[in-house]
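Given only the sequences and the hints, what does the whole structure look like? Please build it.
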Amino acid sequence: MNGSQPLLQPIQTGDIQLKNRVWMAPMTRSRANNPENKVFDIHAKYYAQRASAGLIISEGSQISPRAVGYINTPGIYSEAQTQAWKQVTQAVHAAGGHIFIQLWHVGRMSHPDFHGGELPLSASATNPNSKSFTPQGFKDTVTAKEMSLEEIKQTIADFKNGAKNAMEAGFDGVEIHSSNGYLLHQFFNATSNHRSDEYGGNIENRARILFEVIDAIKEVMPENRIGVRLNPSLHGVFGMTMDEETIPTFDYIVKKLNDYNLAYLHLSEPFTDVSEIPFAEPNIAKRYRPVYKGTLVINSAFDQEKGNKILAEGLADAVAFGKPFISNPDLVERFAENAPLADWDQSTFYTPGEKGFTDYPSLKEEKVG
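Residue numbering for the sequence shown is 80 to 448, as defined by the numbering used here.
Worth flagging that the hints you see were computed from the coordinates, not collected in a lab.
Everything hinted at is true.
Ranges between beta-carbon positions, derived for each pair: (1) Pro-89 / Asp-382: 15 to 23 Å; (2) Lys-446 / Lys-334: 45 to 53 Å; (3) Asp-424 / Phe-119: 18 to 26 Å; (4) Glu-416 / Ile-95: 21 to 29 Å; (5) Thr-222 / Gln-425: 30 to 38 Å; (6) Lys-365 / Gly-315: 18 to 26 Å; (7) Gly-196 / Asn-112: 19 to 27 Å; (8) Glu-283 / Gly-432: 42 to 50 Å.
Simulated pairs of lysine-lysine, DSS-like, Cα-Cα distance not exceeding 30 Å: (9) Lys-210 / Lys-402; (10) Lys-365 / Lys-98; (11) Lys-98 / Lys-335.
All values derive from a computational prediction rather than experimental measurement.
Beta carbons: idealized from backbone N, C-alpha and C, even for Gly.
The structure is reproduced here in structure tokens:
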């Protein structure tokens with residue numbers, strides 16, 4: 080292998096030694112198509128095929144029935160789900176890999192169809208004016224129910240329980256999904272959080288829930304096995320709208336995360352062009368590399384060249400790749416050989432079964448074929 084590329088250098092994150100800096104980003108694949116939303120044998124095969132990644136971060140996995148917002152996504156709140164995940168972690172470890180699970184609550188990005196007719200929960204009674212992918216197809220989102228203090232405390236406990244289950248299932252760690260317009264992100268943003276209690280109003284209050292989640296989780300697992308995912312410049316998708324307090328809020332959050340001994344901070348560059356948005360920060364890595372003192376992972380539309388470049392410039396410690404890992408299970412080996420990448424089939428991203436999931440060949444298999 081060509082070990083001279085920055086992407087292929089080993090890295091220590093928390094107390095884990097990882098073999099490279101090519102990490103697999105969390106991606107919803109909607110294959111848990113069973114009544115209990117459990118993973119099964121094809122998930123074990125899928126993740127094991129990609130075990131050469133420095134770190135696999137699993138698809139988002141809901142921490143409670145109230146956290147669900149998409150069809151056929153797996154959970155990590157029940158005993159059956161926890162036991163089912165064991166085959167995944169065992170398969171990844173047997174293949175020499177490491178895997179974290181992403182803990183997920185979608186908040187207002189859900190729909191009453193998932194909750195027996197009850198409204199989805201959020202920081203405030205707001206509507207993201209988006210679409211929810213329900214068992215009956217895409218439906219318009221609705222105005223969410225503002226969470227009571229009791230519901231907030233229960234959700235924090237649900238994150239803790241998800242982390243506890245993740246440890247029992249054999250995961251190497253967890254990533255807290257506080258990004259992409261989902262529940263925790265809805266608390267951060269003043270356009271979706273209109274509360275006037277200790278979880279709303281000023282920046283410190285809007286960010287409070289994340290730190291309470293971290294504090295709860297570290298009671299059941301090592302602090303240095305916890306990762307956090309943020310998307311500071313998300314605008315125009317997932318119901319998010321930036322305002323003048325958005326970037327200062329993330330400045331506060333990222334700086335305060337230095338008080339913790341986390342495994343990593345996972346940041347997304349903007350999904351869309353934000354150059355015309357006065358409140359946006361177009362280069363997330365550049366802004367937060369000087370601020371965050373721990374392991375910094377960057378994500379969003381990177382290729383091999385861009386990934387090597389951002390590491391060589393010292394703007395990140397690892398790069399998380401999404402879609403390239405879908406169609407290239409041996410992405411690391413392809414980078415090492417500077418081999419061409421296979422194209423992905425977007426029509427099979429969220430369809431049940433092995434097609435477009437476990438049937439992409441490795442480079443070796445391509446050569447044999």
